[in-house]
Amino acid sequence: HEDGTVWFASSRFGDDKDRVVQRSNGEYTYLAADIAYLHNKFKRGFDKLVMVLGQDHHGYVSRLKAATQALGYDADRLTIILYQLVTLKQTGQQVRMSKRTGNIVTLGDIIDMVGVDMARYFYLNKKNDAHLEFDLDLARTQSEENPVFYIQYAYVRTKSVLDKAYNKHNYDHISENDSQYVTEQERGILKKVAALKPLLVQIANNYQTHLLAHYVYDLAHTFHSYYGAHKIIVDDDMETTRGRLFLVHIVRNTLAVGLDLLGLDKPEHM
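In this text, residue positions in the sequence shown follow my numbering: the first is 566, and each later residue adds one.
Warning: the hint list may mix true and false statements.
[Claimed, not checked] With a straight-line cut-off of 25 angstroms between C-alpha atoms, the simulated DSS-like cross-links for lysine-lysine are:
#	residue 1	residue 2
1	757	691
2	724	796
3	613	729
4	613	733
5	796	756
6	762	831
7	733	630
8	796	729
9	756	724
10	691	796
11	691	762
12	762	613
13	608	724
14	724	691
15	831	692
Hints are computed from structural coordinates only; laboratory data are not their basis.
Every value quoted in this text rests on a predicted model; they were computed, and no experiment measured them.
Let's have the full structure, built from the sequences with the hints guiding it.
Here it is, written out as structure tokens:
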């Protein structure tokens, strides 16, 4: 206490100086609320805590780590991820924003302009320590240049192929048994599908969620390329067709997992 001000002796726990938690007028600082939050989370039994902050709050890391230790917990149980600031681009120009002039674009504004899927993917597609230039024009584009459109179109394409195979050619009940008909031409995509599990383990450990966004896009690209180079339903060749339809099933299921984890919609038609 000093003149009615309450301080946290954070310098005892590695911070460069002590911090105010309650001002002399009785108001609490942001740090006070964060200390209460940390205490609450650990008391409720969480063994790992991840907080996401903007890069402009990098000085806050040592304070929160100090608070964690002061509460009697290992500082390593708190992971803080710092995200770089975002700039907006429209018609080739950076959108100038200013609090002073009231020219501010909120995340809600962006969602209203481009939709939830576009906003979510554009953020997830960048590594947290990389600057994000959000291209509003690209996010509005309904073409293969738009990564979300490109991924969702791959998902829709798998359904189109499977519907055609079932309705016109009576290829139903595609199952794991049809993996015996897979050839070398399909193995590359299957290897990419198999890479998802270790990738998710990696992301769970390092929190680099952009890797999943990249993976789903790459899988969509690989499938589009395969589809363009190979006829899926081959007349008078049941084995090749069943092997390729098995592949389409696997790709569809994997894209579904990726889209779900990214929080993106899985359209049936486009």
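Query raised in the report: Are the Cα atoms of residue 756 and residue 724 separated by 25 angstroms or less?
Result: Holds, at about 21 angstroms.
Query raised in the report: Quick one, are residue 613 and residue 733 close enough, alpha carbons at most 25 angstroms?
Result: With Cα atoms ~53 angstroms apart, residue 613 and residue 733 exceed 25 angstroms; violated.
**Report entry** Hint consistency between residue 796 and residue 729 [alpha-carbon to alpha-carbon, up to 25 angstroms]
**Finding:** 13 angstroms, holds
Requested in this report: Starting from residue 796, check that the Cα of residue 756 is at most 25 angstroms away, please.
Outcome: Roughly 20 angstroms between the alpha carbons, so the hint for residue 796 and residue 756 holds.
Query - Given pair status - residue 630, residue 733, alpha carbons within 25 angstroms - result: 62 angstroms, violated
Requested in this report: For the pair we were handed, residue 724 and residue 691, check the Cα-Cα distance against 25 angstroms.
Outcome: 29 angstroms, violated
Query raised in the report: For the pair supplied as a hint, residue 691 and residue 762, is the alpha-carbon distance within the 25 angstroms limit?
Result: 21 angstroms, holds
Query raised in the report: Taking 25 angstroms as the top limit, are the C-alpha atoms of residue 613 and residue 729 close enough?
Result: 48 angstroms, violated
Query raised in the report: Under the criterion that the straight-line Cα-Cα distance not exceed 25 angstroms, is the pair residue 724, residue 796 satisfied?
Result: 15 angstroms, holds
Query raised in the report: Does the structure keep residue 762 and residue 613 at a Cα separation of 25 angstroms or less?
Result: Status holds; Cα separation ~22 angstroms.
Requested in this report: Decide if the proposed pair is consistent with the structure: residue 608 and residue 724, CA atoms, cutoff 25 angstroms inclusive.
Outcome: 47 angstroms, violated
Query raised in the report: Are residue 691 and residue 796 close enough, with their CA atoms no more than 25 angstroms apart?
Result: 35 angstroms, violated
The structure is inconsistent with the numbered hints 3, 4, 7, 10, 13 and 14, although it conforms to all the rest.
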